[in-house]
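Here's the letter readout for the chains.
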Amino acid sequence: MVGVTAGHTVSPVTEVLSSIWDRVLGGRASRSGPAPADADLFALGATWHDAARVIALVADAFEVDIEPAELVDAPTPAGLARLVELRRMEGGETAGSAPVSVSQEGMLWNELLAPGSFNLAPLVRRHHGPIDPALLGAAFEALAWRHEPLRTTFEVRRGRAVQIVGRPSRSSVPMVDLSGLATEAAETEARRLIADAATRVFYLAAEPPFAPSLIRLGPDDHLLVVRLHHLVFDDWSVDVYRRDLSALYAALATGGASPLPELAVSYSEAARLQRARLAGPAGTAEMSWWRHTLDGAPLTTQVAVGDPGGERPRGPSQPVSLTLPHELVGPLRALARHGRATLFMTLLAAFEVLLHRWTGEDDLLIASVVANRDGRALEGVLGCFTKKVPLRLRLHGDPTFLELLSQVRETLLGSLAHHHLGFETVLQEVLGRRAADHGLVPHVPIMFQGLVPSQAELRLPGLSGSAFGSADTQGPGLHVVGPERPLERGTQPERPLERGAGPERPFERGGAEARGGRPRTWGGGLYPGTFLGVSVLDDGTDVTVVVQGGFHPPAVQALLDDYLSLLGAVVQTPLRKVKELVGRGAGPERPERFSGFPFQRRRLETALAACPGVASVTLVVEDRPGSSETAGDRGPRMVAEVVPEGGPPLNLARLREALWRRLPGSPWPAEMVVLGSPGERQAGDGRPAGDGRPAGGESPAGGDRPASDGRPQPQGRPAGDPPSAAEARLAMSWARALAVPEVGVQANYWQSFSFLDALDEARRAGADVRPEQVARNRTIETLAADMATSQPSGPGKTTSAGETTLVAEGGALDDGRAATADRAGSEAPAASHAPAGGAAEGGGGTAAETASPVGQVATPAGVAGTEVIRAEGLAKTYPGGLVAVGGVDLSVYAGEIFGLLGPNGAGKTTTIGMLTTLVVPSGGRALVAGVDVATDPTLAKQFMGVVPQMNNLDNSLTVFENLYFHGRYFGMKAGRAKDTATGLLDRLRLAGRGDDSVEHLSGGMVRRLLLARALMQGPAIIFLDEPTAGLDPQSRLALWDILDALHAEGQTILLTTHDMEVADRFCDRVAIMDHGRILALDTPEELKRTLGSGTSVMVKGDGDLDALVHRLEALTWARDARRTELGVRVVLDRAAGALSTVMALAEETKVKITDVAVSEDSLETVFINLTGRELRE
Amino acid sequence: MSVTAAPPASPAAALAATARSRTLATGAAFWGLMLRDLTVLDRKLHIFLARTVVQPLLLVFVFANVFPRISQGIGGGSGASRFTTILVPGVVALSVIINGVQAVAVTLVQEISYNREIEDRILAPISVRMVAVEKIVFGALQGLFAGLVVFPIAAVVPATPVYVHIHWLVLVTMAPLACVASAALGLTLGTLLEPRSVTFLFSIVLLPLTILGGLYYPWSKLNAIPWLQVAVLANPLIYMTEGFRAALVTKVPHMPLTSIYVALSLFTVVLTVAGIKGFKRRVLT
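Taken in sequence, the protein lines are chains A and B.
Under my numbering, the first residue of the first sequence is numbered 1, with each subsequent residue one higher.
Under my numbering, the first residue of the second sequence is numbered 1, with each subsequent residue one higher.
To be clear, the hints were calculated from the coordinates, so they are not data collected in a lab.
Treat each hint with caution, since some may be false.
Cut-off 27 Å, straight-line C-alpha distance, at most; resulting in silico cross-link-like pairs (DSS-like, lysine-lysine) [stated by the list, open to error]:
1. A/LYS973 - B/LYS44
2. B/LYS44 - A/LYS978
3. B/LYS221 - B/LYS251
4. A/LYS1100 - A/LYS1152
5. A/LYS1150 - A/LYS1100
With the sequences and hints as input, model every part of the structure.
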């Protein structure tokens, strides 16, 4: 075929490979046409699953096997083409292989990435008596003849893992003779050997992963040690092994024939049958069941046990086991019977409660194991059949434990009934796409399995067996061990599947590094990662729970202790609500949630910082508004900002892989931005950073990433710049609130619920924070700047005259501006690289610049800045504990229309009730016109007019009298009351109805009369609770006309509404409330700007669209500009001038526009963004 | 309340300075409320009159006119005249209590239920307590009026003479005390009752109150049934009837005046406090 490509011509092989890249990456490789020959698969965001697909497709196309490691080394079409052609010249061999079983497949892929991760603890048995190694060898040979897996090797051929069933080795069992040592020394040495055997990696391509050996401790004292791998062995197999080996050894010793009946089916046949079944409609049906079941499931569940600093213990912890006390087991069994469930289900349900408690999550994804030996034919077959199945444990409603038990039973039975598809296949197919949008891999690190202890015993005639220390597996079931010591570079085979592994292989360079020089815990899914395995052993009387994981044993012990106490609670009060049982979380470190993927920021940062060539790292989660379910340009995204050490440029693909190795199974940044050491930046992948975009940004998830859209400005903080006192205080208190050791001042905590809690914390710590400041700042850094800016107007400082206050605020504002400008100046090198985002970010500069400072509302001269209402921490808890309002701070200034927005039950009406003295606050205080409403209601009431939501007119009086007497209540003389009432009737279009009974008024009239009544005494402020609710459009318009006119006259109005359009149109400022708190407070424009999705302009046209995009990107107020399939889409911060600017730029770049569409942000978007979509009742 | 006053300490304080003093505001609002109640009363004057006149008229007519003439029932002969003398002060007390309670309780139940029209008055610049006090005062006035109505009836209707001998000092102190106690009872009942259970007011509360209120017999005669004599002491009406007897007639035994004043004052204070408390509980959350 064509030789190695030379020069710039593209070989046909490269072309085919390019199309494979395209197919796998689905358009991520390039916007149009096939992927370029130098498109780096991993830089473009391929996951290992994608890599596996590439390998399979290459195998199909060229009949050539590529190994994952080779793909890592040559991740471009051009690079791989050379390898493919070499391989084709070598010629392939494919004979004698069978596909691996579903159970084995996931393990094999795992083995590629983390060799030895599925090694099982060796089977060890001490035998006293004369042992014959040759006879034993023959018995093992016979056993291997009988059981295929014991003579099977594994290879990757044409991108698929295959098993090759060979002939058993015909040799006696190798023996290590330690009889020369003293007994004690010999035993110690034997233990060391066994431990070593446990972690030794199998050469899967060369040897069956089942290796018996003997250790001679003394004459007639031997240890039979069987090294084995999970690929060929499972719990069930232990019994088969012991029974068959005993029988065969006995038969051979006596010269008799094998007493064992022929097996009905061999392992490879069973594997084939399983695969064939899945290829049919059964597989499709099962997949659709899983799709339904796992819809919206979290991508992983992680329990934060131990591991505080990102350094994991070396290797997995020793299993911690706990035998449940008898006084607990009996009631548990009874409870299980009562709930028509098994003991295992009961323990699982309790474990679910434990997980809820430790993770704080209501929706959990864990795994369990199914024996998968359906049919008697498989009973006597030795081999690995066990499969993992996903279990999605959700806390529906508010069940009691017994109800939860029945839910768990259904979940477990459902999952077990659909176990045939591989665990990895299910996860990848169902959750993979969603995960891939964020560059993540679904990962299930928690397993809960039930085991039946082995019944059979290994009896070799003439020998008496006994246990050897704790390594004996005559007792509890198998457990998996990983290598306990680091794989040292070059001393260990790195690729167990490699045929004839050796350093002479091409593309070996870098392999050792790529395989990792660090210990590896055993993996839980397709990808290795930290793991928590819980096994329940029930031998009918005793129940033992064994926990193992890559965690600190004390943490595991704590988990177990909690589990035990929980079981106790469950047994005593099975009818208790689960939520009570869950109680307050006990987890030491609560992970942050990112796209359904919890992660521990600090751990991730530490791991990334430990990667070669990295000086420091900052992680930022961008919470771009929008659903996380939609791919690409919306939803949150994690970005790592990496400052490299000096030396060669960072290869981001390599860096990502290195991170992957350090923190397998963890989410990693969708994007990495390499920042230069101060003054200089370099492109991570060698590209010059000339275009002002975040250089070297790899964006696997959604193609081109816009220049830092709305992201806080974290890059440029000069290294070593110590946080200010305010920053430190906030960071400390929030870290405490979030139960994390540290919070970065640039971390974005906005919109996280705990942030609001943190606000309380900050207040408790003495920080003077207002919620609206929180609303417009997303990082501690900018918030601290904002606080510094508004300091002079802090609460309790209103003693100076209004004018002076305003001036002081203005002055402070200017200072703040100057300060932020200074800072921005010092950050110039970093900020300049993202011009499109720099000014648009919620950074200090912008926040101070555009946030409408208190008192700057449009007000009639003379009363500007007068605070008509001031609420400080105003709270209402009703008897019975219902928290209607949980601490509201707000100020309403003279002359403004202030809107209180929120869904039903948000606490709006209660807030108004407290401000109008009708509801007695349970905390905080409220001033109306400077008068405390709680302590001096008589005085305060003189300033307010209240229009309630309901008609509370005086039914015994006429329309006129309602106004007249209201005036009299407020101390008006008869004549004046009469005149005012008549005037208001006129003004509110009620003239002529004065003598009517109020019972005969229409809804609109009632509302107008209520308003008139509120206006009678000429109040400083009128409160309107849902003024337009239930009115017809005409009445609504009439009412708004009146309110408009009142506003024009300078009337101060506080209204509640959930009519967003109205709020947007009429309110000077709005506060969005939910769950009794103010989530955001600002002008509608500012809210839309900071919290909305922006004004987007979509341009269709002909010409140089890229040039247009380039020009749009340069706009300081553009958040995002990009090519789409249809044209160009740009998201702008403000609506004013958006269209004309875009048109002008189009003209400059000679783009002929055929169609333009503008969609503006509405307050409703903000509202929904803040309060969510869930229905309120 | 315009905000153009010269800025003193702070703008909010400037605003606050425009407010009338608490006393002034309370006084005005109190008067406003009274005016409002008077207007409403005036509008329903016929009902009010019917309520205050019909009941005493019928009572006095049947017991003091019809019965003696048909030689039926109570007393007879000089006994009949004696009975009428016993009866009239009782009817005065009954009118006071029934009208006092009804005037406050029935309207209050309506005002604090469904549409909470009371809010209108709660939002007036007056304390909630004073709104309740206004209710008591206005109810007491209605009770007083109802009591007065009995006198002309007693002068005209009975067939036998009524030996009236007015002790003015006792009357002018007893009448207001009885009226306020009745209105306070009305306030307490009004805040306890739901609109649905207003009918209980008559069947469960007022009727037993009346029957066991010493209307037709002096309390001292109950010494024949000692337990009843003690039990009726829980009834505020018993003190009113005894009090009015002390104030209006002679030759009829009555409780010691001190006991009457002490007990009635005690009832007034307790009911007023309970009524105001209940009122606050109902209108504020």
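Hints and how they fare:
| no. | hint | verdict |
| --- | --- | --- |
| 1 | A/LYS973 - B/LYS44 | holds (25 Å) |
| 2 | B/LYS44 - A/LYS978 | holds (22 Å) |
| 3 | B/LYS221 - B/LYS251 | holds (14 Å) |
| 4 | A/LYS1100 - A/LYS1152 | holds (8 Å) |
| 5 | A/LYS1150 - A/LYS1100 | holds (13 Å) |
Comparing the model with each numbered hint stated earlier shows that all of them hold.
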